[in-house]
Amino acid sequence: MSQTYQFKINQEKGRLDKVIVELLPAITRSHIQQWIKEGAVTVNDKQVKANYHVQAGDMIYIEEPELVPLDVQAENIPIEVVYEDDDLLVVNKPQGMVVHPSAGHQTGTLVNALMYHTKNLSGINGTIRPGIVHRIDKDTSGLLMVAKNERAHEKLAAQLKDHTSLREYYALVHGVIPHDKGTIDAPLGRSKNDRKKQDIIDDGRSAITHFQVLERFNDFTLVSLQLETGRTHQIRVHMKYIGYPLAGDPTYGPRKTLPGNGQFLHARVLGFNHPTTGEFLTFEAPLPEIFENTLTELRENR
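The sequence shown lines up with residues 111 to 412 when you count with the numbering used here.
Hints may contain errors.
Claimed, not checked - Here are the simulated lysine-lysine pairs, DSS-like style, with alpha carbons at most 25 Å apart:
| hint | residue 1 | residue 2 |
| --- | --- | --- |
| 1 | K271 | K248 |
| 2 | K302 | K248 |
| 3 | K306 | K366 |
| 4 | K147 | K123 |
| 5 | K366 | K307 |
| 6 | K147 | K128 |
| 7 | K147 | K271 |
| 8 | K265 | K128 |
| 9 | K248 | K366 |
| 10 | K265 | K123 |
| 11 | K156 | K123 |
| 12 | K248 | K306 |
| 13 | K118 | K128 |
| 14 | K128 | K271 |
| 15 | K147 | K118 |
| 16 | K229 | K265 |
| 17 | K156 | K128 |
| 18 | K147 | K159 |
| 19 | K118 | K159 |
| 20 | K248 | K229 |
| 21 | K123 | K159 |
| 22 | K128 | K159 |
| 23 | K265 | K159 |
| 24 | K118 | K156 |
It is worth saying that the hints were derived from the structure and are not from the lab.
Can you make the complete structure from the sequences, with help from the hints?
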């Protein structure tokens with residue numbers, strides 16, 4: 111059963127959505143904005159926009175919408191939980207697992223597994239992406255943060271947006287990079303030639319990747335990369351753009367490459383401020399076995 115709220119504005123000032131957040135601190139601003147869009151919030155019996163500036167004497171009435179049940183089924187799929195508390199989880203996703211359901215992947219996803227693991231997941235990203243603050247590609251392995259409630263979700267997402275979180279990846283790329291480090295600043299957007307791909311385009315969204323060479327082999331280079339932004343396929347497209355595509359990448363890499371199950375890309379380090387305590391937490395996940403074995407072979411043949 112939905113809950114209703116009624117407030118009379120006395121001293122409060124500012125945008126409607128911000129004022130409601132002050133009046134209902136347990137409800138996130140994004141949820142309030144969604145309620146306003148859906149017409150669940152009225153001021154003086156009229157629907158208004160989120161940027162409406164409240165006036166003394168305004169009567170705000172809120173009828174909280176009914177929660178929509180999730181369409182995704184919980185599945186007993188083993189997942190590696192690196193950290194968990196009342197606000198969030200950090201998961202080490204294996205290569206080959208899709209993060210959230212889509213038309214081609216209704217089952218076997220990380221979301222299916224999370225719904226079996228816990229009943230508490232943020233609903234900000236909708237019914238098929240509960241708790242997912244950010245995602246990594248199916249064939250990329252490594253660390254992901256998952257929110258258990260809306261407030262944690264908003265604070266974690268804000269850190270991604272403000273570039274205050276730490277995300278470090280390890281990648282094995284084709285070619286021998288001569289310089290030890292560099293920064294790739296090239297805007298990304300959907301490819302005009304292939305809608306399933308991303309590309310460097312002048313009117314794309316800002317995308318910045320920092321890289322550092324860790325080890326050189328005969329025909330490959332191991333690099334660490336830090337994301338300043340988090341665009342779709344950012345690392346994969348950026349490394350191809352500078353002439354060193356990821357080994358094993360079926361979309362952006364060459365056909366002749368190292369044997370494996372997709373691109374050699376691993377989200378190794380994840381760091382962020384805890385949404386409740388403010389403490390900066392850092393987590394590391396070791397390279398997958400296939401990644402380590404490939405590096406061993408490259409070292410032996412060097």
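So, going through the hints one by one against the coordinates:
For the suggested pair K271 and K248, the alpha carbons sit about 22 Å apart, so the restraint of at most 25 Å is met. The straight-line distance between the Cα atoms of K302 and K248 is roughly 23 Å, inside the 25 Å bound, and the hint therefore holds. A C-alpha spacing of about 21 Å is found between K306 and K366, which places the hinted pair at or below 25 Å, so the restraint holds. Between the alpha carbons of K147 and K123 the distance comes to roughly 21 Å, so the proposed pair stays at or under 25 Å and holds.
With a C-alpha separation of about 20 Å, the suggested pairing of K366 with K307 holds against the 25 Å cut-off. Of the supplied pair hints, the one linking K147 and K128 holds, its CA atoms being roughly 15 Å apart against a limit of 25 Å. Restraint check for K147 and K271: satisfied, since their Cα atoms lie roughly 23 Å apart, inside the 25 Å limit. At roughly 16 Å between alpha-carbon atoms, K265 and K128 fall within 25 Å of each other, so this suggested pair holds.
Proposed proximity of K248 and K366 is supported: the alpha carbons are some 21 Å apart, at most 25 Å. With a C-alpha separation of about 24 Å, the suggested pair K265 and K123 falls inside the 25 Å cut-off, and the hint holds. For the hint linking K156 to K123, the alpha-carbon distance of about 19 Å falls within 25 Å, and the restraint holds. The straight-line distance between the Cα atoms of K248 and K306 is roughly 14 Å, inside the 25 Å bound, and the hint therefore holds.
The suggested pairing of K118 with K128 holds, with an alpha-carbon distance near 15 Å, which does not exceed 25 Å. Note on K128 and K271: the hinted pairing holds, with a Cα-Cα distance of about 19 Å set against a maximum of 25 Å. Distance restraint check for K147 and K118: the Cα-Cα separation of roughly 21 Å lies within the 25 Å cut-off, and the hinted pair is therefore satisfied. A hinted pair counts as satisfied when its Cα atoms are at most 25 Å apart, and K229 with K265 qualifies at roughly 20 Å.
With a CA separation close to 18 Å, the supplied pair K156 and K128 stays within the 25 Å bound. As the CA atoms of K147 and K159 are separated by approximately 7 Å, the hinted pair is consistent with the 25 Å bound. Between K118 and K159 the alpha-carbon distance is near 18 Å, which keeps this suggested pair within the 25 Å criterion. For the hint pairing K248 with K229, the CA-to-CA distance comes to about 24 Å; that is within 25 Å, so the pair holds.
This hinted pair checks out: K123 and K159 have alpha carbons roughly 15 Å apart, not beyond 25 Å. Proposed proximity of K128 and K159 is supported: the alpha carbons are some 12 Å apart, at most 25 Å. Restraint check for K265 and K159: satisfied, since their Cα atoms lie roughly 24 Å apart, inside the 25 Å limit. The straight-line distance between the Cα atoms of K118 and K156 is roughly 14 Å, inside the 25 Å bound, and the hint therefore holds.
The structure fails none of the hints (numbered hints given earlier).
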